[in-house]
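2 protein chains.
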Amino acid sequence: MLRGLWALCALLVAVPAAAQVEQSTTARADANAPTIASPDGRISVSVTTDGDGRPLYSVSRGGKQIIAPSALGFLFTDAAKMQRNFRIESKASSSVDTSWEQPWGEWKTIRDRHNELRVRFKESKDLGRVMDVVFRVFDDGVGFRYELPEQPNLKTAHIADEMTEFALTQDGEAWWIPGSEWNRDEYQWNRTPISSVPLAHTPLTVKLKDGTHIAFHEAALVDYSGTWLQRVEGTKFKTVLIPSAGGAKVVRGTPFVTPWRTMILSDDAPGLYMSHIELNLNEPNKLGDVSYFKPSKYVGVWWEMHLGTAGWGSTPKPGAATANVKRYIDFAAKHGFPGVLVEGWNVGWDTEWFANGKGFQFDTPAPWFDAEALAAYAKNKGVQIIGHHETGGSPSHYEDQLERGMAFAAAHGESVVKTGYVTDAGQLERVGPNGEPLREWHDGQFSAQHHLRVLEMAHKYRIAIDAHEPIKDTGLRRTYPNWVSREGARGQEYNAWGEPKNAPEHEANMVFTRMLAGPMDFTPGVLSLTGKGGTPILSTEAKQLALYVVLYSPVQMAADLPENYAKHMAAFQFIKDVPTDWEDTRVLNGEVGDYVTFARKQRGGQDWYLGAVGDEQARSMEVKLDFLAPGKAYEAQIYRDGDDADYRTEKRHAIMIEKRRVTAADAMTLRLAPGGGVAIRFKAVK
Amino acid sequence: MLRGLWALCALLVAVPAAAQVEQSTTARADANAPTIASPDGRISVSVTTDGDGRPLYSVSRGGKQIIAPSALGFLFTDAAKMQRNFRIESKASSSVDTSWEQPWGEWKTIRDRHNELRVRFKESKDLGRVMDVVFRVFDDGVGFRYELPEQPNLKTAHIADEMTEFALTQDGEAWWIPGSEWNRDEYQWNRTPISSVPLAHTPLTVKLKDGTHIAFHEAALVDYSGTWLQRVEGTKFKTVLIPSAGGAKVVRGTPFVTPWRTMILSDDAPGLYMSHIELNLNEPNKLGDVSYFKPSKYVGVWWEMHLGTAGWGSTPKPGAATANVKRYIDFAAKHGFPGVLVEGWNVGWDTEWFANGKGFQFDTPAPWFDAEALAAYAKNKGVQIIGHHETGGSPSHYEDQLERGMAFAAAHGESVVKTGYVTDAGQLERVGPNGEPLREWHDGQFSAQHHLRVLEMAHKYRIAIDAHEPIKDTGLRRTYPNWVSREGARGQEYNAWGEPKNAPEHEANMVFTRMLAGPMDFTPGVLSLTGKGGTPILSTEAKQLALYVVLYSPVQMAADLPENYAKHMAAFQFIKDVPTDWEDTRVLNGEVGDYVTFARKQRGGQDWYLGAVGDEQARSMEVKLDFLAPGKAYEAQIYRDGDDADYRTEKRHAIMIEKRRVTAADAMTLRLAPGGGVAIRFKAVK
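Sequences listed follow chains A and B, in order.
Be aware that the first sequence starts at 49, since it is given in my numbering, and climbs by one per residue.
Be aware that the second sequence starts at 49, since it is given in my numbering, and climbs by one per residue.
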């Protein structure tokens with residue numbers, strides 16, 4: 049049925065049928081200014097050309113223009129730009145209202161309800177090139193992309209840059225991290241006036257003066273470069289495609305489509321997170337059966353490396369030493385964690401780390417790691433090892449070994465592999481088509497291709513991928529469900545050695561920016577609240593628990609050391625209980641960078657879980673429990689900040705664990721300490 | 049002597065001699081933190097590396113840090129970046145105090161007094177690459193460049209980007225135009241907080257909160273791409289090299305040097321203009337005799353095209369029609385203008401304008417232009433035609449005809465050619481090494497090469513170049529003196545058809561931004577104050593006169609139509625009198641974007657000229673005349689705004705012309721109307 053609906057849509061919007069479709073859709077006011085509204089009529093997009101034939105679009109919400117007429121087009125490295133001298137040749141519109149299921153996720157069922165407008169622009173002189181721009185307008189946002197048909201004067205597009213503008217009509221606040229070659233998106237967020245943003249990565253979240261929240265991002269980044277958003281002047285932004293080593297940032301033969309340029313529009317911050325346009329603008333699952341992956345938690349050999357007490361290589365001692373790994377397997381088995389991540393297990397770490405990875409072997413264990421014995425030991429305990437493929441920034445080298453590496457992982461009972469792309473060389477190393485060395489950006493076209501090659505090979509071996517230092521997330525988990533999670537933000541490791549450590553507001557920033565793109569393997573749960581050399585983490589203990597609800601990922605680590613958890617067993621219970629797969633998700637409240645409260649319902653169960661995190665301020669918030677099933681009783685197992693808890697003092701460890709009986713008719717006051725949080729399991733009473 | 053001093057400097061700073069030089073210079077505090085101060089000791093530069101081996105420099109002025117430690121380095125498309133893991137291998141310092149003469153210019157004699165520090169950085173691992181960074185510290189600013197020696201692991205540098213940072217320690221105001229592929233720098237200036245600049249072209253001028261003025265720019269852009277300045281966050285900027293069609297933005301074999309990164313430092317706006325570091329950081333004249341060029345004024349077939357009453361091609365009628373050109377020759381001869389610019393004289397305009405120029409012929413007159421007859425007619429009248437080579441944005445096509453075009457110009461008595469690079473294709477069209485089409489930026493490496501090829505060919509034919517829609521000016525007129533002027537900013541033509549027209553503050557912005565780079569052929573003097581369709585120009589008549597003093601160019605147009613000058617003969621007298629070559633220049637006062645007053649002394653004469661322009665505010669300023677020769681009497685011929693003059697009304701034409709006798713002991717009150725100006729000739733009394 050789903051397939052049938054999609055086929056119907058495809059038919060409705062097919063370009064050759066444009067004239068027919070035109071007749072079947074509501075007449076528009078002016079053939080030169082096509083418009084399309086959201087199903088609820090609140091958002092509308094208008095398309096036109098100006099006196100110089102520049103294609104322009106604008107966006108209104110509630111009758112108020114949000115995006116002033118903004119240009120569309122391309123620069124090429126080998127041809128005149130497509131930006132002026134266009135006329136609108138045809139238009140077509142259609143509607144979709146369908147639902148689909150995530151195999152795992154924040155919500156089980158996703159509704160996709162939108163109206164679509166396709167506009168064909170044709171150059172009125174010279175080359176007579178055409179480009180289609182397709183707009184999909186949802187009740188909570190807009191996506192649009194370019195579709196460049198096959199045509200005589202554009203056989204291969206060598207795109208120097210995409211010239212898509214976003215001219216906001218109001219100033220306001222913005223939350224952003226810089227577009228940068230360095231650091232793989234691992235920044236804390238800037239909060240500035242919109243009119244002070246320089247070059248920003250996406251998602252870029254803004255709150256206009258009138259209160260409208262907008263998150264700019266992209267969807268379905270396939271065989272194309274990711275984009276940054278460059279403020280041009282005032283509150284006008286434009287796309288800046290992320291570079292490639294070749295002359296063009298993107299090289300594609302026609303026909304092809306670009307990623308969707310997206311903007312979620314909402315009255316408030318929670319509405320940003322509740323939007324599904326990112327997933328809806330991706331294609332359905334193209335892999336088929338992905339039942340080999342089960343959402344689950346894991347522990348592993350990781351935090352001790354970041355603390356510096358063990359190494360990825362042999363110094364000061366190998367974290368992946370067989371005996372040490374057994375210790376983690378024992379801990380996982382005892383506490384019900386299905387996975388044990390092992391980093392530093394393979395050949396190469398003593399020579400290749402931060403040295404471009406060319407010596408890493410993905411099927412050859414280091415001398416200290418007995419792969420056969422550990423695979424058997426884990427299996428016997430009902431646990432599996434999560435593999436680790438650190439490329440050291442050399443994806444070409446990794447691709448050479450890709451099948452061997454995945455085969456090795458599968459042969460050792462692994463169904464999840466964590467990949468990594470750390471390099472201090474700046475860009476990723478790639479061997480070019482003629483054997484020449486090339487350097488590619490983490491978010492460039494080559495990287496977009498590479499990650500999909502990895503996913504397809506992993507799928508062949510029934511393996512899911514958790515990519516670190518990855519390309520940005522653009523919702524491709526819908527199409528490639530085995531891309532279960534990734535990093536792509538400043539994670540817990542910065543609380544080991546970061547200068548500075550993650551600020552208390554970090555996660556409240558992330559929820560409304562980075563997390564709009566998709567899951568993140570943040571690795572929460574460091575209940576010791578202690579980084580390298582005994583330095584304090586800027587969090588309370590309860591907040592570490594809340595992060596399991598706040599930061600969605602279908603693979604979720606309990607990142608601390610077993611010996612540390614042994615000292616925090618009461619709190620650890622929440623980590624043991626909390627699911628990693630959800631039937632439903634509600635954002636109960638929130639302000640970007642200040643605080644947020646999530647309620648999520650366990651998939652395949654009756655329990656709800658609540659997580660709230662704040663910033664450096666103490667905060668008290670009342671939440672209604674009307675998300676609970678009406679008339680049903682729940683035991684609220686509450687893990688909250690102690691009354692004197694404070695991230696700035698040793699009282700960061702003050703945690704109160706208490707139980708209350710509640711129903712959907714109740715409300716609850718959540719008190720967050722400075723740097724604090726609260727985690728609650730609402731256990732359905734039988 | 050000059051040559052001898054330079055040779056001595058070269059010897060002192062030669063890298064192989066670094067160890068020796070070290071001994072001969074003053075001992076520095078710390079071998080790992082070399083420092084160098086300006087001759088007056090006020091400015092100092094410190095160089096160091098951080099814990100990750102990042103090369104850093106910082107700049108202080110008066111003991112206060114102005115530029116916080118800022119990174120240096122490169123990204124490559126084919127190799128690991130050069131940005132970390134460096135140590136300082138050696139350093140050397142030297143001093144220069146010399147003077148040299150401009151063949152024409154704002155000042156006859158230029159003093160070059162600076163201290164130099166050369167630091168060699170070497171990678172401590174992997175490739176062991178080295179780079180030298182050379183700092184020259186003047187009393188009024190700092191320049192530094194990279195010098196990449198020949199070395200085994202860097203034979204050819206494929207530069208993806210230059211990673212030079214400028215981390216300002218204070219916020220303040222900034223005046224900037226955007227870095228953009230479009231519009232060839234033809235913008236009005238933005239005035240925003242420094243912390244709100246996005247991607248800026250250079251010169252970028254800022255005024256820090258403590259009053260320090262800084263202009264960031266570059267010098268000696270040879271065989272390299274120009275740079276934009278991207279604000280990264282807060283008040284930190286970095287270089288973003290302007291793209292090339294090829295993969296790398298710059299491709300250079302080692303050894304090579306980059307352009308100088310420059311910052312003029314001043315207590316006030318006038319001090320920015322008075323700096324000579326832009327010229328001093330360029331190499332001396334390498335062309336030899338350039339006596340074929342004489343600074344001079346010109347009239348020509350130009351404004352009527354912008355008004356739309358004549359065409360470059362045959363519609364509505366050719367401006368370059370023989371009879372019309374004769375009219376201009378007659379006018380020039382009658383009023384003493386040596387040059388007559390003729391646009392639209394050659395084959396191609398009817399088909400090639402805004403169509404990439406591939407049909408332009410630079411040695412074939414259009415049917416309406418009798419080249420032989422007009423050359424003879426002009427010569428007979430003691431006038432010469434200024435040639436015009438509009439490439440339509442196809443420099444490759446132009447290069448194919450370059451020698452023929454210059455030979456044609458020379459054969460027709462032309463000693464100045466105005467070139468042009470207008471295109472609506474976005475970038476310049478270039479035929480690549482294998483015949484493939486490529487698109488290059490106006491400020492990219494190819495353009496830098498192209499302009500020098502044009503200059504060298506022009507010099508062979510004893511022709512000077514006035515480049516429009518050019519690469520940015522970086523002081524190369526010192527090395528290639530026949531590059532006499534250029535455009536590269538929003539000129540007078542915007543007052544014909546611009547939407548909007550140039551604002552009253554435009555020129556007060558330009559003086560302290562664009563004009564710091566070098567001369568501009570702005571084409572002032574539209575005394576009719578009337579654009580296309582009778583629309584008003586936002587200027588008073590007196591201001592049009594003042595621009596001849598304010599905006600330096602050794603070729604200076606009287607841009608209005610002869611029939612318009614006939615109605616303004618009294619004011620026109622100033623245009624006839626004002627020189628285009630100066631012995632000395634003083635900036636008497638000024639604030640960026642608000643107002644400025646220049647006094648310039650005629651080269652080879654006794655007269656001084658004063659020009660002051662303001663913004664939309666009326667303004668009264670007292671200036672001392674102590675620039676005049678002491679004890680000497682002058683007749684001040686004053687062209688000032690009428691008492692009720694106002695750019696917003698028909699009173700923009702109100703001008704008062706009066707004479708006074710003055711001496712150096714006098715002061716004078718300058719009253720500027722809204723949108724106004726004042727022009728004064730101080731004629732030495734015999």
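I should point out that these hints are in silico values taken from the structure, not numbers from a laboratory.
Hints are not guaranteed to be accurate.
The list treats identical chains as interchangeable, and a pair is accepted whether it falls inside one copy or across any two copies.
[As the list claims (entries may be wrong)] Derived pair list, reagent style DSSO-like, types lysine-lysine, alpha-carbon separation capped at 30 Å: (1) K508 x K156; (2) K173 x K365; (3) K731 x K549; (4) K680 x K707; (5) K406 x K129; (6) K707 x K508; (7) K672 x K170; (8) K203 x K156; (9) K156 x K707; (10) K173 x K624; (11) K580 x K615; (12) K173 x K580; (13) K406 x K170; (14) K549 x K173.
None of these values were measured; they are calculated from a predicted model.
Query raised in the report: At most 30 Å between C-alpha atoms: does K406 with K129 qualify within a copy, between copies, both, or neither?
Result: between (39 Å within a copy, 17 Å between copies)
**Report entry** Within, between, both or neither: K156, K707 at alpha-carbon 30 Å
**Finding:** Within one copy only: 29 Å inside a chain, 88 Å across chains, cut-off 30 Å.
Requested in this report: Evaluate K203 and K156 at a C-alpha cut-off of 30 Å and name the case that applies: within, between, both or neither.
Outcome: neither (41 Å within a copy, 57 Å between copies)
Report task. Using 30 Å as the alpha carbon limit, work out where K549 and K173 are close: within a copy, between copies, both or neither. Result -> Between. Shortest inter-copy distance 29 Å satisfies the 30 Å Cα cut-off; intra-copy 57 Å does not.
Report task. First find the shortest C-alpha distance between K173 and K624 inside one copy, then the shortest across copies, and answer within, between, both or neither for a cut-off of 30 Å. Result -> neither (66 Å within a copy, 45 Å between copies)
Report task. Give the relationship of K672 and K170 under a CA distance limit of 30 Å: within one copy only, between copies only, both, or neither. Result -> neither (54 Å within a copy, 63 Å between copies)
Query raised in the report: What label fits K707 with K508 when the C-alpha limit is 30 Å: within, between, both, or neither?
Result: Cα proximity of K707 and K508: none, with 46 Å in one copy and 92 Å across.
Query raised in the report: Can you tell me if K680 and K707 fall within 30 Å by alpha carbon in one copy, between copies, both or neither?
Result: So K680 and K707 pass the 30 Å test inside one copy only (16 Å; across, 98 Å).
Query raised in the report: At most 30 Å between C-alpha atoms: does K406 with K170 qualify within a copy, between copies, both, or neither?
Result: Result: close only across copies, 23 Å inter versus 48 Å intra.
Query - Same-copy or cross-copy closeness of K173 to K365 [CA-CA at most 30 Å] - result: Result: close only across copies, 24 Å inter versus 69 Å intra.
Requested in this report: Could you place K731 and K549 in one of the four classes (within, between, both, neither) given a Cα distance threshold of 30 Å?
Outcome: neither (34 Å within a copy, 70 Å between copies)
Query raised in the report: Taking 30 Å as the upper bound on the Cα-Cα distance, should K508 and K156 be classified as within, between, both, or neither?
Result: within (25 Å within a copy, 76 Å between copies)
The structure is inconsistent with the numbered hints 3, 6, 7, 8 and 10, although it conforms to all the rest.
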